[in-house]
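**Q** Single-letter residue listing:
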Amino acid sequence: MSPELQDPSTPLAPSARTLALASLVAVLAAVALLLIAVLPAEYGIDPLGTGKALGLLALSQAGDREPVPPPQGTALVPVQEGNIALYPGEYKVDSRVFVLGPYEYVEFKYHLGKDAVMLFSWSADGDVLQDFHGDPDGAPDSATQSYDKQPRRKSAGTFMAPFSGIHGWYFENPGADTVTVKVTTAGFYTTAHQFTMRGTREERHVQGVEAIPVTDK
Amino acid sequence: MGRRGFILGLVVMIAAAGVSSAFAHEHFRVIGTITKLDAKQFEVKEKSGKLMTIYVDKKTKVSRDKKPVAIAALKVGQSVVVDAYGDDESDLLALDIRIVPPIATSTTK
Chain A
1 MSPELQDPST PLAPSARTLA LASLVAVLAA VALLLIAVLP AEYGIDPLGT GKALGLLALS
61 QAGDREPVPP PQGTALVPVQ EGNIALYPGE YKVDSRVFVL GPYEYVEFKY HLGKDAVMLF
121 SWSADGDVLQ DFHGDPDGAP DSATQSYDKQ PRRKSAGTFM APFSGIHGWY FENPGADTVT
181 VKVTTAGFYT TAHQFTMRGT REERHVQGVE AIPVTDK
Chain V
1 MGRRGFILGL VVMIAAAGVS SAFAHEHFRV IGTITKLDAK QFEVKEKSGK LMTIYVDKKT
61 KVSRDKKPVA IAALKVGQSV VVDAYGDDES DLLALDIRIV PPIATSTTK
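If you're matching them up, the sequences are chains A and V in order.
Position 50, counted from 1, in the first sequence is what the working numbering calls 50; the numbers after and before it change by one each time, with no gaps.
Position 3, counted from 1, in the second sequence is what the working numbering calls 3; the numbers after and before it change by one each time, with no gaps.
Derived from the structure by calculation, the hints contain no laboratory data.
Incorrect hints may appear among the rest.
Derived DSS-like pairs (lysine-lysine); straight-line CA-CA distance at most 27 Å [claimed, not checked]:
(1) V:LYS67 - A:LYS182
(2) A:LYS149 - V:LYS66
(3) V:LYS45 - V:LYS66
(4) V:LYS67 - A:LYS149
Covered stretches of chain A (in silico footprint by chain V; criterion: 3 or more residues with CB under 8 Å from a CB of chain V, positions within the stretch not fixed) [to be verified]:
(5) 20 to 26
(6) 190 to 200
Computed beta-carbon distance windows for the label pairs [as the list claims (entries may be wrong)]:
(7) V:GLU43 - A:ALA143: 33 to 39 Å
(8) A:PRO213 - V:LYS50: 37 to 43 Å
(9) V:LEU51 - A:GLY89: 45 to 51 Å
(10) V:LYS50 - A:ASP177: 33 to 39 Å
(11) A:VAL99 - V:PRO102: 16 to 22 Å
(12) A:PRO70 - V:LYS58: 56 to 62 Å
(13) V:GLU46 - A:ARG201: 17 to 23 Å
(14) A:GLY89 - V:ARG64: 47 to 53 Å
(15) A:GLY157 - V:GLU43: 26 to 32 Å
Remember, predicted model here, so these are calculated numbers, not experimental data.
All residues carry an ideal CB built from backbone N, CA and C; glycine is no exception.
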């Protein structure tokens, strides 16, 4: 009986020694990964200092930290944190259309705390006299501060209140044709006030951010 | 507090009330056509049809085309823009009267 010949294309089975060596290398690699990355990132355990060096420790701490509350207080004034100004509440949005007959005027202002910010955009379909100005809380008329009285038909920008008070626009139609002015704002104001030609001051409702339509596109 | 102190306090309160009421005057603008006129007051018909009586005094300024004119330049039938102040619509003193070109009577929105 002739001995069985092994097929030369079949690889040789590793020896038990080789298998043991390969297993040992795999276990060492796994332990190294555990010490270098998994323990620091998952549990904050950093025996080799690699977690700190690679920034993995922050991952373990992220889940443990309590959420930071917004700044406290009733006044809607900013608290600066680096490049960010945080407020105790949400901002408001508002949009108005004023139709001014010949020589009519309107004054519309928002109450902002000191350093609170507002974004604005307005446009008129004809010539208007405009005065963007502010009145400090509780001060006489003489304390009014004007920010911009340039002749304009439109304007857009940001505004930071230099003091706590009401800030906004005086629009006057200087001619005999009707003029329409549209004003849109968003900002950390609390109330809006309209002053009429009849010497009245009326508070106007402003909307919260929930009034902004949600788009899913 | 004696009687003298009480009277002094009363005087101060009355004076403070007077000062605050002087500052309580509101500004009004009246736009329309002069329908009546005399040396002390005039009447303006607004586009809504409402008649407004407004007093004048020697401090009242009158202008036409941005140039000052005498108060005698005011005539019945003229269109005017009146800036006035007072406690309410029935008690208005004209500060500034502008004579303007005739204003169309159509009502704005």
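**Q** Confirm or reject each hint.
**A** Each hint tested on the structure:
1. V:LYS67 - A:LYS182: violated (32 Å)
2. A:LYS149 - V:LYS66: Given that 27 Å is the threshold and the Cα spacing comes to 19 Å, the pair holds.
3. V:LYS45 - V:LYS66: Distance of about 23 Å is within 27 Å: holds.
4. V:LYS67 - A:LYS149: Judged against 27 Å, a Cα distance of about 22 Å means the pair holds.
5. 20 to 26: violated (count 0)
6. 190 to 200: That given contact holds, which follows from 4 residues of the segment 190 to 200 of chain A lying within Cβ reach (below 8 Å) of chain V.
7. V:GLU43 - A:ALA143: 33 to 39 Å: holds (36 Å)
8. A:PRO213 - V:LYS50: 37 to 43 Å: Roughly 41 Å apart at Cβ, these two residues keep to the hinted range, so it holds.
9. V:LEU51 - A:GLY89: 45 to 51 Å: With Cβ atoms ~48 Å apart, the hint holds.
10. V:LYS50 - A:ASP177: 33 to 39 Å: Violated: the Cβ-Cβ distance is about 22 Å, outside 33 to 39 Å.
11. A:VAL99 - V:PRO102: 16 to 22 Å: holds (21 Å)
12. A:PRO70 - V:LYS58: 56 to 62 Å: For LYS58 (chain V) against PRO70 (chain A), whose Cβ atoms are near 59 Å apart, the range 56 to 62 Å holds.
13. V:GLU46 - A:ARG201: 17 to 23 Å: Given about 21 Å between the Cβ atoms, the range holds.
14. A:GLY89 - V:ARG64: 47 to 53 Å: holds (51 Å)
15. A:GLY157 - V:GLU43: 26 to 32 Å: violated (44 Å)
Going through the hint list in order, the structure does not satisfy hints 1, 5, 10, 15.
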